[in-house]
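Chemist: For reference, the chains in residue letters:
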Amino acid sequence: MATAQRMIKNLYRDSVSLMQFSEKLRALEGVKQASAVMATENNISLLVEAGLLASAVPPSPNDLMIVVEGKDDSSTGAALDQAEGMLKAKSTETDEGGVRRVPPRSIEMGLESMSSANFVLISTPGEYAAAEARKALQLGLHVMMFSDNVSIEEEIPLKQYAREHDLLMMGPDCGTAIINGIPLGFANLVRRGDIGVVAASGTGLQQVTCLIDRFGGGITQAIGTGGHDLKSEVGGITMLQSIAALTADPQTKVILLVSKPPSPDVMKKVLEKAGQSGKPVVVIFIGADPASVTHGKIIGVKTLEDAAVAAVNFSKGKALKKFSNSMPAKYSAVEKSSARKLKKTQKYVRALFSGGTFCYENLLLMSEALGPVYSNIPLKKEHKLKDVWKSQEHTAIDLGDDLFTQGRPHPMIDFRLRNERIIQEAKDPSTAVILLDVVLGYGSNMDPAGELVPAILEALKVAAKAKRNLFFVGFVCGTDSDPQNLTRQQDMLREAGVILTESNAQAARLAAAIVSGR
Amino acid sequence: MVNKLFEQDLQVINVGLSSFADSIQQAGAKSLQLDWRPPALGDKATGEHLAALVNQPDVEAANRIAFDRFMLAQPVLIGVASARDGVPDFGERTLLHAGPPIEWKRMCGPMQGAVIGAILFEGWAENQITARGLPASGGINFAPCHHFGAVGPMSGVISPSMPVWIVKNEDRGNLSFSNLNEGLGKVLRFGANDPSVLERLKWMAATLGPAMDAAVKVLGGIELRPIIAQALHMGDECHNRNAAASSLLFKKLTPALLKTDFPQGDIAKVLEFIAGNDHFFLNISMACCKSMLDAGHGVPHSTLVTAMARNGVDFGIRMSGAGDAWFTVPAPMVDGLFFPGYSQADAAPDLGDSAITETAGIGGFAMGAAPAIVQFVGGTPQDAIAYTREMLHITMGVHSGFTLPPLNFNGSPAGIDARKVVDTGIQPVINTGIAHKDAGVGQVGAGITRAPLECFTQAVNALAVSS
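Those protein sequence lines, which keep their order, are chains A and B. If you read the first sequence in our numbering, its first letter stands for residue 1, the second for the next number, and so on. If you read the second sequence in our numbering, its first letter stands for residue 1, the second for the next number, and so on.
Don't take each hint at face value.
[Said to hold, decoys possible] Restricting the straight-line Cα-Cα distance to at most 20 Å, the calculated cross-link-like pairs of lysine to aspartate or glutamate (EDC-like) are:
#, chain 1, residue 1, chain 2, residue 2
1, B, Lys252, B, Glu223
2, A, Lys88, B, Asp68
3, B, Lys4, A, Asp194
[Said to hold, decoys possible] From the derived model, a few chain A residues whose C-beta atoms are all more than 10 Å from chain B:
#, residue
4, Ser74
5, Arg101
6, Gly227
7, Lys322
8, Glu458
Simulated from the structure, these hints should not be mistaken for laboratory data. Glycine is no exception: its CB is placed at the ideal position from the N, C-alpha and C atoms.
Let the hints inform the model, and build the full structure from the sequences given.
Modeler: Quick look at the structure:
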């Protein structure tokens, strides 16, 4: 048995609450007897009589005295620490008797009610986002910043702070991530597995994770870096940190990196770090020559789909197949029959995207097959649309571009703009194929197929009236676990006549083949 | 840390689009949606200064020191003396006033009335007209009470011959002062200055003050925290309700006074005066709060608010880490109930040093313990508890000595953190009397007001600039 005592200076509690408090102390682990009193002469002599205090101490009536008797010194010490903590804690919790409660207003205030929070998701207007991120990081919390319009000058110090404190700082402009299986922002419910993804592109991340799910693989983490991370100024801080974390993560067997080609200095650092991981690393730098990154256990690939295939093959220990550059053979029948039905005037593909990375990958693949493709985000300046509201020749449009989202929700949520454009393209006698991406998951529209089908049917009617056959090619980026359900969405689109492929790359190649084969 | 995150359950605080918080919950993790609004009234630069101070190690360390000093303070009432004798460096031809610094011309009606009364009381002028000429010609040195460790309710005018309570913090030795409460009705603090007011002031200087000094000395000083602690358990919040504390003080003073050499007639008059004034303890409560807060003042980098005060024109605060600076904005009007015959149109803007009580964690902050007060301003006991609980979100901790029965005997919210005020937008609540805007009419109502947010954004900016 051991006894210990502690004086807490200038802390007053009335005797009734102290009696109740003493009861609580007796219930603590390893405590046999306990008493908390104001250190008056009278109380001290009572404690001496009770044998809890070896001898009288000088009274100090303004101080609170705690005496405990317990198993050993460590249990009495722990009990005293706990007791002092309990006395000094400020409780805002108890809510009874119809007392109105202020909802949490700040991150720090949020921590009062969610004390074990470990993550902050920020989607405030951009001008306030950096300050919120700074607070979160300084409070030791990991951050995903969905907000955009945050300058690179604000981004760099946040990422440096995060790196110094081993915290994740995803974004700014990080639209999607999956951490510990939980989709954040715009993200899909993807099976868990052993592939760790780091992506600088939101829809790129969604495409690879959904395809991994579809090909029977699963992911550990899908970390978004935000679009500026791989610029020279930022130096890939988040990507490098993420590669290191996935390297150290025992659950992760395969690493998959997704980005547009980084600046050369950053690319070198990223590949170096990836090489040091000792794990197989699949790299898709959309638009870069795969051979330029392939080295040792690092495999460069050309499309998001190839990236998913390669990652799943590594994960399942299968040999890597050689990736084909052309349309999968299974589409050749539909390609030929469609091509035959086109009129002479119908020469062009009109691709209407809600995902920016899809549009970019499509431009790369279609222009390889078809020559110039016009766009609001063209590969070459000379192929910029003169008027973004009007297609010219082969056209691929990113409807998520700021040009289109001023004053209205993102096209993954609000389909009005895309539906109008579908009808407009159907009226154009030169349109042969309309290509669509459909993105499922949290954050997206709860029934995208339901939104699109009426416009598709209307478009087909418009074309039929003009005695034209019009073809819709599309793909759905999602999983069966997503709230919208992949299979159901695909069935609705197929029923409306849309030719569905598995991926963006396949859709691009099929659409190109249809118009080339006519 | 990143790898540790991978092993934990994700728990997300969501700042912004609430649908993200819903998705996280649907996917099976915990999320907490903030009722977020741009901090600092949407001023981006202030918001960034604030962010830099959140959980900043120097600030956290400074606040621990300042809060500890505040909590360890041991204010003891040690006596009464004239301001001239009791308050160090109190110069002649000096008048102290409530709130942040203000020149004669800008003073509100009640304060100007009190100044004229004090000039007449001191005999610096013959009549109202010459008295009015004196400050106008620069013949008076004005200074805030706070610059001399003093506090005064309403206009807070203290002149050299007025008696002041002297409170000593036994922990750090700092002294604080407050004038003696004159009662209700026609009183100097509301700007009244007719012969009856001056008569009373003279009696207070000649008899009440010395009698109190003698009684306090018989008692060997009076520890003030225990009185406030007990009064909080008896329905006072020790700002707008002091009925219990005044009675407790009366109980201590009476036998002591009888042990002095004062003539029985004087003792009777003194006791009658105290017994007739439920706010007799207010000024002592204020000096006690000032004593505790001054102990926490002057810690570099600390964001502890150490004073909130109003002069009827400006509202100002001081912050521990900002030295002598005041952060001021125009004083707000008080939202309250008015005595019969008066309305908002008669009211002066917020006035007096008494918000020192809220700064120290009582007054409006302890409203939960004083349901009688909320009723007076049209609320329910639940509202009173809600006010107190709301204040917990902007304080550094809870008071170590002042506990509140309706909050399960938890400590009263204490130690306003300027950062938290700016970050949450929750403004400190203040219980207060309302003065008539004209000199001498007196109190016309009472109510609840909030300290203006801009004072706190200024304070945060000042600290950000200096650190």
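Chemist: Tell me, which hint numbers fail for this structure?
Modeler: Structure breaks hint 5 only.
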